[in-house]
Amino acid sequence: MIDSADSTSAAPAQDADALFAQVYDRLKALAGARLQRAGPHESLDATALVHELYLRFGRHGEARFEHPAQFFAYAAKAMRHLLGDRARDRLRLRAGGDWQRITLTGSGTELALQSAEEAMALEQALQKLEALDARAARVVELRYFAGLTLEQTAELLALARRTVDRDWRFARAFLQAEIG
Amino acid sequence: MTPHTLRDWFERAIEQADPAAWLLDHCPDPALRAQVGRLLDADAAGAEPATGGAVRLAEEIGAAEPSAPAPGLQVGPYVLESLLGEGGFARVYAAWRDHAGTRREVALKLPFRSVHSHEAQQQYQREVRALAALEHPNIAHLIDAGIGAGGQPWIALERVRGASILDHAREARLDLAARLRLMVQVCRAVDAAHRSLIVHRDLKPSNVLVSTAGQVKLLDFGIAKLLQPEDDAGHTAAPAFTPAYAAPEQRQGGAVTTATDVYALGVLLGELVTGERVNDGSGRTPSSRLGEARGEARPQALPPVARRKVRGDLDAIVMKAIDADPAQRYASAGALADDLERLLDGHPVHACAPTRWYRTRKFVTRHKGGVAVTMAFLLAVFAALALAVWQAGIARAEAERATQQTRRATATRDFLVSVFEAAGPDLPREHRPSLEDLVDDAGARALRDTALTDDVRADLLLSLAKVSGALGDYEREHALLDRAEADLARLYAPDSEPWLRARVLRAGAWRGQARPEAALAVLEPLHARFAAYGGLGVDAQIALAQALADVGRGEESTTAFETARRLAAQLPERAGERTLRVDLLRSSGLIDAQRFSEGLAIADRALADWKTSGRPPDRDVLQLLSALGNAASIGGDAARAEASYREAIVLAEQLYARPHPDTAWAVGIYGSFLVAQARYAEAEPFIERALSMRRALLGEAHPETLDALAALGRLRAGQSRREEALAAFEQGVTLCERERVRQPVCPRLLGSVSQMQAIAGRSDQALATAARAVAAQRELGGPDNPQLLAPLGFLARAQVKHGDYAAALGTTDELARIAAATGNEDGREPHYARFQRALALFALGRNDETLPLIGAVIAAQKQRTPNERRPLFSMLLLQARALARAGQRDEARAAAREALAIEPKPAPLDPALLANLQHLAREGREH
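Residue numbers (my numbering), protein chains in the order written: chain V, 572 to 751; chain P, 148 to 1074.
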């Protein structure tokens, strides 16, 4: 069984950090630009975003990935961080609740706070899952944050579809039980 | 195959027709069962967490745009008044509070970051406390800080009204010397903070004010660190600093140290003198920026500054301060201040390589009048010098003795400061060198540093050895002592104080390595002379007493402790503190030796004395608390034991920031206590933490690591994970044999192996192993040692299981005799031995003796450990059978019903016995 870690860890660790930083920065910029262009109520398609990013990286030769799996692994991680950062930012707003309550009201805010908490809970649960079963956590990452299907995930990680299905079933139950 | 991981359990369970029922049958651990159960529920519901993945969440969360809190709002005890400024990391408000009827004004900083996790909040509070402790007339004081609802931190700082140092210099039209004098004040203040291990991190003109009263005030000392957002792992996500004044290493995300502040001071100095920031990458000197040819007005520059005044020394000072390599800068802000003062006084500055010509030039400037000297005058000077040198030769011997202490103290302090400066007190936690690294580094420095004299070096090595010992790193302590003793042998007579200090440290290291006989070999030949050494003699006497106790020479140990107490009481200084220490150590020693009543009496007194003395907590108190917990636990006072253990863990965590054998001890002993209380789920994290700490700190064959292994075995046994339990015990026995460990834990491990063999029904093996355990303990501790109680208990059990009832009675008799002789009648071992005795009596048909005994045992069991139900079940079973045999059918029925109420389906019980019990519960008699 080939774990995708083999392909991602092929590059030296330092390069991997740099690559990740690069993917993250680009993704953040791209997502920011998209959100601005799209306006507050239009949707942002993560899958399209990640794929566009992949194409851009390929086109400009900005970073060399040995395998698409490596790119998607990074992109998923980058998305995960992006979401975490954003959720934290949003909760921080509420943290200033003593003096923010007046400016931030309405159902939109409630939803935003709820989702931010959900995102933080997801992040924490995912960290626990990582400690327990790293591969299952990776499947979740690719599915949630890079928007891949289970089929694509199996292909990318060079795993049998059956294995990925089992990973997903366990991960889903675990996360659901954690988040409640 | 039994599933091992949560996932295994989950996947096996979902294959079953009725997963819940299967789980109940196969998974004995209720906590794990509940966890798997939750997974099964979630799986059955088919729900997906965070449906829609990251995209939906990201959209819903939206972008966060913080808006400014309005004046008039209350933050902590303060009311916001007006916004003073806003930076990249925080807003600052003028704020006030009502303080005992007066209005107290502060600058209130509201960082944009929030502090959520418990760990981050603790870290934040620690930093705040460190900053609040920093008091200096030239540093704006941190008055108060807190974390509001939702993790919003606030920091109240002394409000300073004044102008930035640059504006002040311009408006007051200060000349060069006045400006330099201001900078000296700034540097001294920064240096003082550095000595408290606080780095500013963001020194810039707007943080260096001159108050309306003309006093220099540094703002935001160390605050930058509080403003930095950290991610969950404690990594700094975005360091807060001002790029224009940031040192290269800071901009590159490298280590921020005191040298970083020195760099910023250099930039500030350059700007104060030239009106330009000198770190623009041009590498140009300050003086070249003051070229007369340059026409543009630079308001902040010196009014009529003469370029030649700046050229040379001041150029050199600035360039040295802003060297790209932190190691090439001034070693401290104080050194920079020194150089500025030398410049002001016209002395040679250290920034330049002091060539002979350079010194001469300085001499000439300083003594302008005397430069026109004749040859004759020079000769006269030389003659006078020669006379002075000769006279000095006579005076030196006296003077040297007087100044030696001061010199040594100064040299040691300077050295330690240099070590801490090199340690990078502000490095991110994961890059910060450990104390062990520091000791290593300091040891290497001490040997390398040619400025140190031999006696100072020996002093330092001894201190470092002591630190190593306190860290539990005895190997390093031995190595450092080896090096120090080489110097000591050359410098001092063999009965000098430093030499005895080295011996006492050596003995301590041996004791730490569980080699008390080696410690005794060091101390015993010297003990007649201890009285002559004051406090050191008391320490030596204590070490001797402890080593004697370690090797089982109890009476001599008692005498030695009494001598130590007498010596301590005679000390001219701090006698109370020393006698207290003797008491603390003696009582823990007695308790460790299981002489509880004596130990507890002294301990209670010592602890009360400690609490009234106001002495801060230390290792001795920690040890005493753990020992008290042990004594209370063995004596059956669970509540007192638990309180002592918990207090000990809290104290250990206060005392040691890093993993330490003492912390592992406090954690492990509490874990063992919980196991004994059958509170397995609570015990597990403590037991595992103690074991991994000890393995890492002490190695796998250290007696304390073996203790932890034994505790793990007991935990697993309690959890009915019997194979794992047996494996843990057997691993311990193997280590004992392989490493030839001769410690009480080894017979105990053998006893536990025997117990597990008995439970597994291998009663032949169990009996043989228990006999081995008793023999091993007798060999180790002699015939009347309380440590024999445990192996004898195992032996009695094995004998009962094996059907050797008469032999079992002999064993329990001996156990009871030793327990009585050592004051342990109320302990756990005699209690269970009485149960074994009752079993044997019943089996031998001595029912009249069985009945009162089992009644007493059951009463004791209910009172001692109400949670431990399995033994109670067996005890009730025996009682029911004995009552039935005596024809007391109602009572027998009641006992049987009580047993069944505890465990309706006792798993390990053989079915015939269960049927018998059920019959008893109905009929009050056996089949």
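Just so you know, the hints here were simulated from the structure itself, not pulled from any lab data. Be aware that a few hints might be false.
Between beta-carbon pairs, the in silico distance windows are [to be verified]: (1) P:P218 <-> V:D736: 57 to 63 angstroms; (2) P:E233 <-> V:A731: 23 to 29 angstroms; (3) V:A705 <-> P:E233: 38 to 44 angstroms; (4) P:G783 <-> V:A705: 56 to 62 angstroms; (5) P:E926 <-> V:A705: 29 to 35 angstroms; (6) V:E701 <-> P:E664: 38 to 44 angstroms.
Bear in mind the structure is a predicted one, so any value in this text is a computation, not a measurement. Glycine included, each C-beta is placed from N, C-alpha and C at the ideal position.
In rising order, the numbers of the hints this structure does not comply with: 2, 4, 5 and 6
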